[in-house]
Amino acid sequence: MTQLPAKPAPVKLGLVIDLDTCVGCHACAVSCKEWNTGGWVAPLSDQNPYGPNQSGTWLNRVHSYEWSGDDDSASRTVHFPRSCLHCEDAPCVTVCPTGASFKRGEDGIVLVDEDKCIGCGLCAWACPYGAREMDLDQGVMKKCTLCVDRIYNEELAEHERVPACVAACPTSARHFGDLGDPESAVSKLVAERGGADLMPEQGCKPTNKYLPPRSRKAAAPRMGAAAASTSTSVGFLGWLDQLLSD
Amino acid sequence: MRPAWSVIFFTSVSGVGYGLTFWLAAAVLAGSSEVDRTLALVALGIGLFLISAGLLSSTLHLHHPERAWRAFSQWRSSWLSREGVAAILAYAPLLWLALAVWRGAAGPLVALLVMLMSVITVLCTAMIYASLRPIRAWCHYLVPPIYLGFALASGAFWLLLLLAPAAQAPSWLPAVSVLALAAVWFAKWRYWRELDQDKSPSTPATATALTGAVTPLDPPHTEENYLLHEMAYSVARRHSNQLRRIAVVSGLLLPLLSLGGLLLPAVASGLVLGVGAAALTLGILIERWLFFAEATHTVTLYYGTQP
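Those protein sequence lines, which keep their order, are chains G and E. Quick note: to get the numbering used here, add 36 to the position in the first sequence (first position is 1). Quick note: to get the numbering used here, add 1168 to the position in the second sequence (first position is 1).
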């Protein structure tokens, strides 16, 4: 059924993504592709992968932006991973004509039943975030499953029961947990760091939250001073500096 | 948004079909004795053909058309599903009317049902688009009236073309054609004006939850992906003013001029009205192409283009 669950799920599994610590390495995107192409469903196909104009289905995309914040004088680079936000009012679910798209009542995960999908693409149009991509080989819509085949998988060691993107992140910029529980670690992180919704004006009530970059105003002058002081080094380095400057 | 021909053809041509059946049913309701039985059946047949061709064309853009039957199941939440259900339900009164006209016993009930189902189906088609919030140009209050208006205006012109040369057209049909055409183009003019003036509430800043100026530095991929192929079409926006003018000339001025054909003898009248109906249909196809091609999706914010 593509109606949303009658009551909002008590458990809201989702991701919290820290834009301060993300270094834009794309490990989450690659790890996601690797896990989901080798899982129990059909592969995430690529078209013309070794020729010109290659394209493929990815469930996670990492953008990099130049950002001039309100409080920082200089602009800085912000890396921005984009994937399904498992919205509470998921428009991709309600527009689905066949019942292939659905939101789970027990944990809020939004999934696609690939055997029912007719590949009309309407759900991808309905998603403001571009979280769904058509698999052109299978002719069905693909999206982030929050690694539903990992997080409940008792074949895996307990610490591995997190989405592949979270496991892969080298800077721990991705956090997985229950955002419906105000006492959970992810909820506390969101409260502490001012985690925000993407495009709240679209009315989708996303579950995933994004933590804004920390202010660097205080640290910046110190770093500048340290850079300037190298020219007045004393001792051996000062002697070397003088020798090489001549 | 990428203008897919299967969907442009579907919305335009099935609209003409439902408009035609709407006005034929109206003519039956107003006084069935006026309209010749054979001509009425021909008009109904053309209407049914256009409706069916449109519906079949809509399945062409599906990746799994063999599963299309599943699309009738989610009418509680999905406008696409409602459209499918309405289109199938509409066949019942349409075939009933054809049978009743053939037997010379078409009553007001079946005529009213045909009119009702034609309007409902066209409105469901429009709502598929008007319910999509990320696409500002579609999620607009004028979209359903414009879809209905073009269906009714083009249907009236096509019926006039079929009945007028045989002197069978109801006296009110030319006036209704002009009124419907004027009303829908007025709505379309307002729609274009509002679209050009209004701004999307979504910006690169709201899309990334960052306050301040956000400009793309490195894209996530260097080649086009499904999202960019489907939702970042930009050809129309470069030529939109020219294409809008062409649509108005073809879809408003030429059909209005062709009404002069009503004063001519049968064959000449048919020719002139035929040119008018063809121009109107072409104008609608261009208008529908623009409806898709001019529309922008919020996902383009992530890639650095304003919706």
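Don't read these hints as lab results, they were simulated from the structure. Please note that a few of the clues may not be correct.
What the hints assert, rightly or not - Per label pair, the in silico range of CB-to-CB distance:
(1) E/1237 - G/190: 33 to 41 Å
(2) E/1170 - G/125: 39 to 47 Å
(3) E/1472 - G/125: 24 to 32 Å
(4) E/1170 - G/142: 30 to 38 Å
Even for Gly, the Cβ is constructed at its ideal location relative to N, Cα and C.
Residue 1472 of chain E paired with residue 125 of chain G, Cβ distance criterion 24 to 32 Å | holds (27 Å)
Note whether the CB distance of residue 1170 of chain E and residue 142 of chain G lies within 30 to 38 Å or breaks it.
-> holds (37 Å)
Satisfaction of the hinted span 39 to 47 Å by the C-beta atoms belonging to residue 1170 of chain E and residue 125 of chain G = violated (26 Å)
Using the C-beta atoms of residue 1237 of chain E and residue 190 of chain G, is the stated range 33 to 41 Å upheld?
-> Roughly 38 Å apart at Cβ, these two residues keep to the hinted range, so it holds.
Of the hints listed earlier, the one the structure fails to meet is number 2.
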